[in-house]
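Each protein sequence line maps, in turn, to chains A and B. Each residue of the first sequence is one higher than the one before, counting from 9 in the working numbering. Each residue of the second sequence is one higher than the one before, counting from 9 in the working numbering.
Mixed in with the good hints there might be a few duds.
Since the list gives no way to pick out one identical chain from another, each pair is judged satisfied if it fits inside one copy or across any two copies.
The calculated lysine-lysine pairs, modelled on DSBU-like cross-linking and capped at a C-alpha distance of 30 Å, are [stated by the list, open to error]:
hint, residue 1, residue 2
1, 69, 24
2, 24, 72
3, 45, 24
Honestly, the hints are just simulated from the structure, not real lab data.
Chain residues, written in single-letter form:
There are 2 protein chains.
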Amino acid sequence: MLQLLQDEFADVTISKIRFLEAEGLVTPARTASGYRKFSAADVERLRYVLTVQRDQYLPLKVIKEHLGAIDRGLRPAAAGPPVAPSSLPQTPGQPVAEDFGASGTELRLTRTELLAAADVQPEFLRELETHGLVVANGNHYGGDAIVVAQVAAELAAYGIEPRHLRAFRTAADREVGLIEQVTGPRRTGQTEELAALTVRLHTALVRARLPQA
Amino acid sequence: MLQLLQDEFADVTISKIRFLEAEGLVTPARTASGYRKFSAADVERLRYVLTVQRDQYLPLKVIKEHLGAIDRGLRPAAAGPPVAPSSLPQTPGQPVAEDFGASGTELRLTRTELLAAADVQPEFLRELETHGLVVANGNHYGGDAIVVAQVAAELAAYGIEPRHLRAFRTAADREVGLIEQVTGPRRTGQTEELAALTVRLHTALVRARLPQA
DNA sequence: CCGGACCTCAACCGCTGGTCGAGGGTTGAG
DNA sequence: CTCAACCCTCGACCAGCGGTTGAGGTCCGG
C-alpha cells in the first residue's frame, strides 16, 4: 500500500507512519479488523507532512497546526525570512543533500495490483508498455511503475499522452547507460549515488530552463 | 552588555549565547583576559539566529549553513511552502505538485559568487558553459546554476566530464519545451506543477531501469 | 493450519538545544 | 588589599522530539 510514499521519501517506515497517526497528523480509515486503510487523500496529506518536514524543517507540532488550518479552509501562514545581518570574514561549511535511498526490499506487483495501485485503466497501461515507459520483469512490475503510471495519468489530463513521453524513456535509458558505464555492471552503492547525482542534475537543469515565475 | 537582546528575545541567556558560540554560530572577539566582546555585527548575527529559530523553526545546523552562505555573499535560500494538499474525502483526483517549491525570490549570482558557492574552478565553469549546462542570464546566474555546477563537479570525480553531460541539457530543453507547449508561454502555477510531474516521471524511470540492488 | 503481514502498547534510543555547577580568574569600588 | 560582582571553562546533566524495537496477539490467503 504505502511503498509508493517510500519511493518518494526514502526514509519513511511503517513505524513512522504509525507514529504520525498517533500524533494526530493523519487518521486513516480502518477495516473491520483494525487494519489501516489509506485513502488517496491520506497519502497526499502524508506527502505534505513529509515534504514540509524535510524541506522546511517544521516541527510536527507546527505541521499539525497547519494541517488543521488547511482543513478549516485557510492557507498556512508562511513566515518570510528576515533581513540578513551584515557579513563577516568566515570559515567554510558545505551543505549536503541526498535522497535516493534504495528502498530496502523491492516491490513486486502483478499487473492487476499495479492497475489498482496506480488507479489507471488497462488500456492506458498497455499504451505505456508499448511505448516502453513501463516494462514488466517476467510477470511482475516494480514499485516505480506505480509512480510512472500515476504521473503519466496526470500528464494525460493535460493532454500529454504516453506517446509524447517516449523521449523520457530514452533519456532515462541513456542516463542509466552512462552510469553503468562508469561503475561497471555491478558496483552497488556507487550506482545509487551516481543516479542520485544525475537525477539532481536533471532537476536543476529543468528548473533553470523554466520561465521565471 | 547583552541584555539588549534579552529585551527582544525573552528567553536568551548567557549560557545560550555561549552555547551558540560553541556551535560556531558567532565568534565574538575576546579581551586580553578572555572576556567576550560583542561587536554590533555579532549582535545582529545573534538577532538573526534567534529570529529564524523562533519564527521559522530552523535547526541550528541549517541556520549555520545559511550564515555561511550569507558570509559568502549569497542570500539564504528560503524554501517556499509547497502546495497544500487538497484536503477532503474525495474522488481520486490527485493534483499533486510538490517538491518544486519555487524559491520565493530568485537568486542572482555574479560569476564570482557562483564560483565560490559551487566551489569550482573558473575553467570548469567555462567548460560547463560551452556545453550549455550553465547559462548566464545577462551577467548573472540563477540559483540552479550552483546545483548544476556542484553536481557536475561531483560527477567529474567519477570521470564523467561536462561534455558527457550534453544529453542532459538537451533532455531538459525538450522537457521544458513540451511543458511550455501545453501550458502556453505564460500560465504560471501550471508550469511548475507540470514540471514537478515530469521530473517525477524522469526520476521514476531512472530508478526503474537501475540494476536492482 | 501455517506463515507472513498487520495490530497495540510500552520501553527504549539518539540527537538537539540547551542548563547547571564546580572551580577559578578579573575588575573596580571602598 | 579586600570583597562583591562578574566573567571564564569544562564536564555532567537534562527534557523533549522524533521516532525504533520488541513482545504478544490478531487476521487472512493459500
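Earlier hints that do not hold, by number: none
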